[in-house]
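Engineer: Here is what each chain is made of, one letter per residue.
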Amino acid sequence: KAGVTQTPRYLIKTRGQQVTLSCSPISGHRSVSWYQQTPGQGLQFLFEYFSETQRNKGNFPGRFSGRQFSNSRSEMNVSTLELGDSALYLCASSREGYEQYFGPGTRLTVT
Amino acid sequence: KNEVEQSPQNLTAQEGEFITINCSYSVGISALHWLQQHPGGGIVSLFMLSSGKKKHGRLIATINIQEKHSSLHITASHPRDSAVYICAVRWGETSGSRLTFGEGTQLTVNP
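Protein chains in written order, with my numbering: chain A, 4 to 114; chain B, -11 to 99.
If you're looking for bench data, these hints aren't it; they were derived computationally from the structure.
You can take every hint at face value.
Straight-line Cα separation of at most 25 Å, SDA-like style, residue types lysine to any residue; simulated pairs:
| id | chain 1 | residue 1 | chain 2 | residue 2 |
| --- | --- | --- | --- | --- |
| 1 | A | 60 | B | 38 |
| 2 | B | 41 | A | 101 |
| 3 | B | 43 | A | 104 |
| 4 | A | 16 | B | 27 |
| 5 | B | 42 | A | 104 |
| 6 | B | 43 | A | 101 |
| 7 | A | 60 | B | 18 |
| 8 | B | 41 | A | 100 |
| 9 | A | 60 | B | 89 |
| 10 | A | 60 | B | 80 |
| 11 | B | 42 | A | 101 |
| 12 | B | 56 | A | 59 |
| 13 | B | 56 | A | 100 |
| 14 | A | 16 | B | 29 |
| 15 | B | 42 | A | 98 |
| 16 | A | 60 | B | 37 |
| 17 | B | 56 | A | 99 |
| 18 | A | 60 | B | 29 |
| 19 | B | 42 | B | 6 |
| 20 | A | 60 | B | 30 |
On a predicted model such as this, the values are computed, not experimentally measured, just so you know.
Could you build the full structure based on these sequences and the hints that come with them?
Structural biologist: Shown next, in the form of structure tokens:
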């Protein structure tokens, strides 16, 4: 069974640009959660999608958005990038109420 | 404020030693996860538990719901166990798959 995949793995962007990250969950998993990891703040929840609906949202500005498609694949978008958005972005998929499986992450560097 | 606290932050052990990492949380939860993160960022889910004790190989996780406390034990530690271990909780059924994380414990096992 294929694991969670994330693309791209590495990304370098300039301040003010926007970026889209993609996450393909394990087959059969309808829940996809996104997390941001930085050295200063640790791991923080961004949002969760379940059956194409955003079910939970963390405490991040509106520049951070996401969506989920009918095949459960999810994308997150960050607009007007700031230096502080440099982080490892992780997605995780799960069946409802079960443990989460994490992808390898996308390392975003904003210069 | 819902919080998750881990201790110790850093732990150095000799190969073969018994290791314990602790996690405390502030209010009732629906599930607690123990995660392992290796250099490079990939996160592996070790355990998800809501009561009692689970064992997988040399790893044992316990949770005391009344005391709001969980422990992760590693028996006969090995250098390949060197990683960051992260405790994460799901606060309630309405939280969906949203996780709140502890700061992590950096474990180094020397040969």
